[in-house]
Structures are given as C-alpha cells and as structure tokens.
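Chains W and C supply the protein sequences, listed in that same order.
First residue of the first sequence: 12, per our numbering; consecutive thereafter.
First residue of the second sequence: 38, per our numbering; consecutive thereafter.
Careful: at least some of the hints might be erroneous.
[As the list claims (entries may be wrong)] Calculated cross-link-like contacts (lysine to aspartate or glutamate; reagent style DMTMM-like; alpha-carbon spacing at most 25 Å):
#: 1; chain 1: W; residue 1: Lys-211; chain 2: W; residue 2: Asp-20
#: 2; chain 1: C; residue 1: Lys-158; chain 2: W; residue 2: Glu-138
#: 3; chain 1: W; residue 1: Lys-67; chain 2: W; residue 2: Glu-28
#: 4; chain 1: W; residue 1: Lys-293; chain 2: W; residue 2: Asp-253
#: 5; chain 1: C; residue 1: Lys-158; chain 2: C; residue 2: Glu-175
#: 6; chain 1: W; residue 1: Lys-67; chain 2: W; residue 2: Asp-18
#: 7; chain 1: W; residue 1: Lys-330; chain 2: W; residue 2: Asp-76
#: 8; chain 1: W; residue 1: Lys-293; chain 2: W; residue 2: Asp-262
#: 9; chain 1: C; residue 1: Lys-43; chain 2: C; residue 2: Glu-84
#: 10; chain 1: C; residue 1: Lys-51; chain 2: C; residue 2: Asp-97
#: 11; chain 1: C; residue 1: Lys-158; chain 2: W; residue 2: Glu-124
#: 12; chain 1: W; residue 1: Lys-288; chain 2: W; residue 2: Glu-251
#: 13; chain 1: C; residue 1: Lys-51; chain 2: W; residue 2: Asp-242
#: 14; chain 1: C; residue 1: Lys-43; chain 2: C; residue 2: Asp-97
#: 15; chain 1: W; residue 1: Lys-288; chain 2: W; residue 2: Glu-260
#: 16; chain 1: C; residue 1: Lys-51; chain 2: W; residue 2: Asp-20
#: 17; chain 1: W; residue 1: Lys-288; chain 2: W; residue 2: Glu-278
#: 18; chain 1: C; residue 1: Lys-158; chain 2: W; residue 2: Asp-155
#: 19; chain 1: W; residue 1: Lys-211; chain 2: C; residue 2: Glu-140
#: 20; chain 1: W; residue 1: Lys-288; chain 2: W; residue 2: Asp-262
#: 21; chain 1: C; residue 1: Lys-43; chain 2: C; residue 2: Glu-86
#: 22; chain 1: C; residue 1: Lys-158; chain 2: W; residue 2: Asp-132
#: 23; chain 1: W; residue 1: Lys-67; chain 2: W; residue 2: Asp-20
#: 24; chain 1: W; residue 1: Lys-211; chain 2: C; residue 2: Asp-62
#: 25; chain 1: C; residue 1: Lys-43; chain 2: C; residue 2: Glu-140
#: 26; chain 1: W; residue 1: Lys-211; chain 2: C; residue 2: Glu-221
#: 27; chain 1: W; residue 1: Lys-293; chain 2: W; residue 2: Glu-260
#: 28; chain 1: C; residue 1: Lys-158; chain 2: W; residue 2: Asp-128
#: 29; chain 1: W; residue 1: Lys-184; chain 2: W; residue 2: Asp-323
#: 30; chain 1: W; residue 1: Lys-293; chain 2: W; residue 2: Asp-242
[Said to hold, decoys possible] Pair ranges (Cβ atoms, derived):
#: 31; chain 1: C; residue 1: Gly-162; chain 2: W; residue 2: Glu-236; range: 26 to 32 Å
#: 32; chain 1: W; residue 1: Gly-29; chain 2: C; residue 2: Arg-155; range: 37 to 43 Å
#: 33; chain 1: C; residue 1: Gly-246; chain 2: W; residue 2: Asn-17; range: 56 to 62 Å
These are computed hints drawn from the structure, not numbers from a lab.
Cβ atoms here follow ideal geometry from the backbone N, Cα and C, with glycine treated the same way.
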Amino acid sequence: MSRFLNDPDNAVTETLEGFLLAHPELERRGTSRVVTSSTPPTGRVAVVTGGGSGHKPAFIGYIGDGMFDAVVCGDVFASPPVGSVLEAIRTVNTGHGVMLLLGNYSGDVMNFEMAADMARDEGIDVEMAVATDDLGAGSNVRPDQRRGVSGQFLIWKTVGAAARQGASLAELKQLALDVNSATRTMGVSLNGCTLPGSTKPTFSLDEGQMEVGVGHHGERGRSTEPLVQMDEIVDRLVDEIDQDLQLREGDRAAVVINGLGGTPMLELYIAYRRVAKVLQEKGVSIEVNFVGEYFTALGMHGFSVTLMRLNDRTLGLLKDPARTPHFTQTSTPN
Amino acid sequence: MSWDLKEALLHASKNVQSARDQLCDLDAALGDGDHGTSMARSFAAVERELSSTESNEPADLLELVGNTVLNAVGGAMGPLFGSAFLSSSTALRNADPSLSSPERTAAAIAAAANAIQRRGKASVGDKTMVDAIVPAAEAAATAAGQPDATSATVLRAAAEAAAAGTEHTKELIARIGRASRLGERTLGHQDPGATSITLVLESLAASAGAPVGHPVLTLN
Ligand SMILES: Nc1ncnc2c1ncn2[C@@H]1O[C@H](COP(=O)(O)OP(=O)(O)O)[C@@H](O)[C@H]1O
Ligand SMILES: [Mg+2]
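With these hints in hand, go ahead and build the complete structure from the sequences.
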C-alpha cells in the first residue's frame, strides 16, 4: 500500500515536528522523543505514558490538563528505549512521584521497568500499571498475558483526573488496576496495516472476510471468519466481553467504540447503535460514551468495543474536565 | 581473544542491517512486523559507535554495543539484546584470569543467555530468542572443553546450535510476547528474535575464521 510520506525512516520525527508546531502548548527538548505539557505538575503526581508511534491521537494527543504530563514516543509500533523513559520521568517529577501507565507489550514492559528501576535508584518515587483489557486472543489466554488496547483510554482519563485532584501515587496505581479490571475490549478488522517503509500490509483478507480479535498493530487476530452484518458482529463482541465482565441489571457502564484509523464514523455509529440497544435490553445504563478514533493503527479498517463497569468514583473521574490537543471536555462528554 | 572482535561486531552489524526485510517479514507473521526495522536501526547505531571508538578491548566493545542497543530503538529487542551484550561484557571483565580464550568466549555467551532470560522471563520452548541463545550457550560450553578449542570453534558451535534452535521454533506455539496472542496460529512460523540471535552469532563465527560447514541460517 502506498503512503503519503517523505523518507519513511523520518516518519515519526516529522510527525513530532508537525505536532509540536500545531500545538505550541506542548514542549520537547531538542530532538528528544519525550513530549511534555508546558505546565509542570506542581504539587502532585505526574502521569506519564508511552509506547510505539502510529496510534494517533494516542498518545501525545492527550498531553495536557487532566490527562498526561509527558509521553515517551517510540518508533512505529516499537517501545521507546530505556533512556527516553528515564528522561521523561526526570523531566516531570516535581517530588511527588511519577505514575507510569502502559499497555501489556513485552517491549514496553521491559523498557519501562528498567527505567523505573533506574529512577528509583536516583530517589524518584515511581509506580507502574500495565493495562490488559483485550479479550481478542480469547479466554484461553491468561489475564496477565492479555494486551492493553483501546480500553486504556478509560485508564488514562480516570488516572489523569485523579492526579489532577491530588491523589497519591499509591492511590493512582490502585485506581489504574481497578479500572483495568473493570474494563474489557474486543476488536475486529477487515485488514492489517502497512508500516511506513514497508510495501506490504501485515496481512490482508479476501473480500467478505473479517479478522476477529485484532489489536492495534496490524497483528492477526484469533480467527478469520466470514464477514456478517454489523448487528451480528456487535452482538458477538458484546457477548464475549460480557461473559468475562458479567454486567448485571442495574449496572452502570462506560462504552468506547474505537476506530482503528480507516473506519468511517458512519460504521462506528452503527456499531454504537447496536451496543446501546443490547445494553439497554440487559438493563445496563450507559453513563458515558466515547465514539471515534482514540487509539488507531495506521489506518486499519477495524474497530473495537470496550465496556467498563462504573462506580461513583470512576464515573466522576470520567466526567471530570480535560483539556488536551485531541480530547477536551468541560464537564460531561454526553 | 586472538581475533578482532571489533571487525566481527562490525560485520554482524552489517549483516543485521541487510536482513532487515526478512526479519520484518518473519515478525509480520508472528508479531507487528517491526523487528527488522528495530534491529537494523539499532545496529546502524552500533556500526557508527564502533567505527568511532578507539578501544579494542573486548569488554569495552561489548559494553559499547550493549549501551548503544539499549538506547537506540527500544522495542522488545532493545532491553533483551542490550542486556545480553552488557552482561557478556561484565562476564569478560570479571572472568577468572586463568580461563582460556575459548572459555571466556563461552562464558560471555552464557552471560548473554542468562541476561535474556532474566530480563524477559521466557523459558526454553516459549518460542522466543531464548530458544536460540540457551542452546547456543550450552554448545559453546561443550565446545570450549574440547582439547583443540579456539574462540572460533566455540562461536561456530554456538551459531550452529542457535540455528537448530531457531529452526525448531517453527514447531512451537508462542507462549510469551506479542506472538502468544496468536496461539496455535504461530505454528510453522520461525521466531524473528531467535533468527536475529543466530544471525549475530553466525556473523561473529564467520569473522572469527571458523570453517563454515554448511549454511546454518535460513531466514524463511
Ligand atoms: N519476554 C521475552 N523474552 C525473550 N524474548 C522475547 C520476549 N518478548 C519478545 N521476545 C523476542 O523479541 C522478538 C520480537 O522483537 P521485536 O519485534 O523487536 O519487539 P516487539 O515485540 O516489541 O515488536 C520475538 O521474536 C522474541 O524472540
Ligand atoms: Mg515486533
């Protein structure tokens, strides 16, 4: 697949340059891969995330008030190196500690762990929470081996809001783990994606087929199946999520319908329509919804459904104001 | 070591960069398709650093490679290859002075294997680079005990064992890392990280002047 690029090897660097020009409220030092908010997190814990690039608006689109203080950008789909993570921790620490949020990918986990150890040796308080919301690989995969996918948006939003309200490092870590265990995601797609510099997609399907259980790196999913109608797909995704999450009548939920970068909004809202109907039939009330592109995969034509069970605290944190380049709300998103 | 480690590491760096596309293809089947890119970029940085360092001391060179890889790209390969080179450097620095040159080479490979297992927590059979480096370390230890052992014969034995281990990954179901999410679909595919380990050992062995018996590495 062709792409609109200059030198593919400069894709991440040039995106960062453009992003910083478009959003002068963000900062980075020189050619660093660490992007920070220009307002330091004075008097509170700093929240940092990072990972491979190619997921815009994640992650740098969410730097700002109520979400991230810094983001560490890797190459396309590759974890950033230890040195960059350590630089981010040092840059945003104001003495109240640093909360690292990441998805469960061995590269990210190893690089962030090594950096966290080095920062602790320098006397900085650091905690790390690893998201595992994806059910795409099926129920035979141990929960701690699951990927972190678009349900992470709900972790970022709640932890960012709680940090802004002054929660301690230990509270933030617990919150991240609680939100993670209340959240499940399942994705489908019609194709893989083509990395900058590559000429072939990671996989492609015949017309009339879909890949079930995809993540957001163009990886294959659990199975290739005949494409069916949207309502049937959504029923299947919600059903698999619910077998694990076990929402009950009277529960309150947050829903994310996330497009992977090549899915028209038309399709995303048809998916949301069905999720809303299915949950209503179960007697589950949707208190917050996010329909759009929050965490993409270089234009994959696919989407995921995320459901989260809410309590008063997490609902309040999701509705808390935020102001970032790609996600801003004054009080409530609905 | 009597052979020129800097030349050997430069040779390995070039071979890794040339294998970029094959390594990406292997990773596209099992992971996210970036392994060749990450390896190529890291070893381009290694090539630059090695070309500009004055030192020819093996422990210094391995440390330089380790730090360069660790801070070049990231990914899963950064901490794994980075820790492997750093630990092999430490092993050479701390080696008992009475050890022979082939014994030191084997100790460095053993240290690399330990580092990869400690950092990634994978075991033999999980379908990762551990399936190449652990048999390589065992074969190196055995080869170092032979009466006519040289660093070259140790590296050759390590490279051949790594290649066999890499070939065997085709028969394994991935149990750790990105590929683990694909379960049985990983059968038949060769692990990219194991392939890279073999490529590096193979390049070092070739530079050390080991006689090449048969081609040990098939990329696809
Ligand atoms: N925990 C681990 N222990 C050992 N090797 C691992 C581990 N996780 C991944 N690997 C190795 O890393 C390779 C993938 O490397 P790479 O593509 O660079 O990283 P990423 O998974 O971040 O995309 C795999 O083929 C495997 O050999
Ligand atoms: Mg990869």
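Hint by hint, here is what the structure shows:
no.: 1; hint: Lys-211/W <-> Asp-20/W; result: holds (16 Å)
no.: 2; hint: Lys-158/C <-> Glu-138/W; result: holds (20 Å)
no.: 3; hint: Lys-67/W <-> Glu-28/W; result: holds (14 Å)
no.: 4; hint: Lys-293/W <-> Asp-253/W; result: holds (11 Å)
no.: 5; hint: Lys-158/C <-> Glu-175/C; result: holds (19 Å)
no.: 6; hint: Lys-67/W <-> Asp-18/W; result: holds (19 Å)
no.: 7; hint: Lys-330/W <-> Asp-76/W; result: holds (14 Å)
no.: 8; hint: Lys-293/W <-> Asp-262/W; result: holds (9 Å)
no.: 9; hint: Lys-43/C <-> Glu-84/C; result: holds (10 Å)
no.: 10; hint: Lys-51/C <-> Asp-97/C; result: holds (20 Å)
no.: 11; hint: Lys-158/C <-> Glu-124/W; result: holds (13 Å)
no.: 12; hint: Lys-288/W <-> Glu-251/W; result: holds (16 Å)
no.: 13; hint: Lys-51/C <-> Asp-242/W; result: violated (52 Å)
no.: 14; hint: Lys-43/C <-> Asp-97/C; result: holds (10 Å)
no.: 15; hint: Lys-288/W <-> Glu-260/W; result: holds (14 Å)
no.: 16; hint: Lys-51/C <-> Asp-20/W; result: holds (18 Å)
no.: 17; hint: Lys-288/W <-> Glu-278/W; result: holds (16 Å)
no.: 18; hint: Lys-158/C <-> Asp-155/W; result: holds (13 Å)
no.: 19; hint: Lys-211/W <-> Glu-140/C; result: violated (45 Å)
no.: 20; hint: Lys-288/W <-> Asp-262/W; result: holds (15 Å)
no.: 21; hint: Lys-43/C <-> Glu-86/C; result: holds (11 Å)
no.: 22; hint: Lys-158/C <-> Asp-132/W; result: holds (22 Å)
no.: 23; hint: Lys-67/W <-> Asp-20/W; result: holds (18 Å)
no.: 24; hint: Lys-211/W <-> Asp-62/C; result: holds (9 Å)
no.: 25; hint: Lys-43/C <-> Glu-140/C; result: holds (19 Å)
no.: 26; hint: Lys-211/W <-> Glu-221/C; result: holds (24 Å)
no.: 27; hint: Lys-293/W <-> Glu-260/W; result: holds (6 Å)
no.: 28; hint: Lys-158/C <-> Asp-128/W; result: holds (17 Å)
no.: 29; hint: Lys-184/W <-> Asp-323/W; result: holds (18 Å)
no.: 30; hint: Lys-293/W <-> Asp-242/W; result: holds (16 Å)
no.: 31; hint: Gly-162/C <-> Glu-236/W: 26 to 32 Å; result: holds (30 Å)
no.: 32; hint: Gly-29/W <-> Arg-155/C: 37 to 43 Å; result: holds (40 Å)
no.: 33; hint: Gly-246/C <-> Asn-17/W: 56 to 62 Å; result: violated (43 Å)
The structure does not agree with the numbered hints 13, 19, 33 stated previously, though it agrees with the rest.
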